[in-house]
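2 protein chains.
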Amino acid sequence: MAKEKKSPGLLEQLRVPSGPVDLSKYDTRATPGFTGTKDEGKVALESLGAEVSDWQERLYAEGLKDGHRSVLLVLQGMDTSGKGGVIRHGAGLMDPQGLKITSFKAPTPAEKRRGFLWRIRQALPGPGMIGIFDRSHYEDVLIARVRDLVAPPVWNRRYGQINDFESELAANGVMLLKCFLHISPEEQKLRLQARLDDSTKHWKYNPGDVDERKLWPAYTEAYEAALERCNSPEAPWLVIPSDRKWYRNWAVTTILLETLKTLDPQWPTADFDVATEKGRLAAT
Amino acid sequence: MAKEKKSPGLLEQLRVPSGPVDLSKYDTRATPGFTGTKDEGKVALESLGAEVSDWQERLYAEGLKDGHRSVLLVLQGMDTSGKGGVIRHGAGLMDPQGLKITSFKAPTPAEKRRGFLWRIRQALPGPGMIGIFDRSHYEDVLIARVRDLVAPPVWNRRYGQINDFESELAANGVMLLKCFLHISPEEQKLRLQARLDDSTKHWKYNPGDVDERKLWPAYTEAYEAALERCNSPEAPWLVIPSDRKWYRNWAVTTILLETLKTLDPQWPTADFDVATEKGRLAAT
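Chains A and B are the protein sequences, given in the same order.
For the first sequence, the tail end lands on 1693 under the working numbering, and the numbers increase by one without skipping.
For the second sequence, the tail end lands on 1693 under the working numbering, and the numbers increase by one without skipping.
Keep in mind that the hints were calculated from the coordinates and are not lab data.
Computed from a predicted structure; not experimentally measured.
Heads up, a few of these hints could be off.
Note: identical chains are not told apart, hence a pair may lie in one copy or across any two.
Calculated lysine to aspartate or glutamate pairs in the DMTMM-like style (CA-CA distance at most 25 Å, straight line) [to be verified]:
#, residue 1, residue 2
1, Lys1610, Asp1673
2, Lys1623, Glu1449
3, Lys1610, Glu1596
4, Lys1623, Asp1680
Could you put together the complete structure from these sequences and hints?
Quick look at the structure:
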């Protein structure tokens, strides 16, 4: 049933073409690859669960034996764009044993001393694992650039460093998927209001969110630069229209599923003699 | 609906009383606290999802603010007893962002040099998190004892060291739950046979499993010693009858839910002035 709902080429549809990026050209309420209602979208997401879990287990099994491949899903987006929601509702469909989730906050002094990629390397998924980054090394060319946390030559050099790093990952068997969860400023306002209106959501609100919001144009420019300068075939950027939460969750999960199918991990063959083992077991 | 199915005092029912432990007295096919069929058990498990996720989010929110509490679920049991299955089907109902899962294999030389509790400390859940150990420091009084990996005075001393360690954890806000997934040797044989009969399950089979199986009585004795000597009110052992997979998954998840409710984490109150923030947001 998952097959009916999922669009086979969603990754290709949402991939950012090479060249300059103008985010105003991307509709944040669009639902490319999906025709249906919100309720149908939620059902479609649930229906991916069995299939995506099956492929995840194949990748995991491959990794336990002689495999070296892994998947790394990088989630970026403005506050409230739904990075946590994608993990909860999309990644939550899979076996948590095969997930390695890292949420990157502001770097500590010790992390800063080691260079911006050090803590990223620490968090990479091992063979067979699906790594998920809630924010990532891209913050070092986003908030670091917008907030002048480092001098322009420093952040400017980082785009090349990121490209080198991501090439190295790809060469080491890490299948990278970078998703920009794209919301409109109007949608963000509604979501922040909702957090303020509901006392059980106050813990999700930070007064700094409004300060960041005021810098929306500068962040948009920084995202456009990152999406243009760090967009290689081996580490592509995708823009996920994210004003509709159900579409966002479905789309990222569908892309993950497509990626797993492309990797096509196989069940490892036995490294023991099956008949011998059956005999040994029977004798116990 | 979860409320109808769950037994409020399951933790108390499955808790090992203090004193000598005789595992032969525990029926591995029993379903204490649940009357119903296998299919009803699966439905009951699914119906716990919303409630357990809600409580998990409260604990997580508390931990993000000034909370220091966490939960640590230790899973032990013979091969095929279903440690991974509990994580997949039970923990899989929760938000993976709030889980910290660690699977302990044979310690590396570097780990051994640091003492058997070092790697365990590295893997402890942070505030607000639910840690899950697939095997644990108990292996150091199980396989280490049965296989003579260390001299008797060394493993013998470890029971006290474990008790001290677990007391320290409890004092630091870690709510410990230690579950022994109890299967019969006949059930293990069936499960190992099933792995040998299905080529997509060969990766789960290890010829060493049969060697371990031959030591069943010695392992039973070692488990009985651990359950007797390291069973404190602050770090209790529970025996989970595990010949029925659906019961095992339901029981561990129910116990986790009961524990979260006992902790009763509250949504953090705002550390900002809500009216002021509404005004600031409206002005953007």
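Right, here's what the structure says about each hint:
In this homomeric assembly, lysine 1610 and aspartate 1673 come within 25 Å of each other (Cα to Cα) only across copies, at 17 Å, whereas the closest approach inside a single copy is 40 Å. Proximity of lysine 1623 to glutamate 1449 under the C-alpha cut-off of 25 Å is found in neither arrangement, the shortest distances being 35 Å within a copy and 53 Å between copies. Taking identical chains as interchangeable, the C-alpha atoms of lysine 1610 and glutamate 1596 lie at most 25 Å apart only when both belong to the same chain, with a minimum of 17 Å there against 47 Å between chains. Taking the shortest Cα distances, lysine 1623 and aspartate 1680 sit within 25 Å of each other only across copies (21 Å), while inside one copy they are farther apart (59 Å).
Against the hints set out earlier in the document, a violation occurs for number 2 only.
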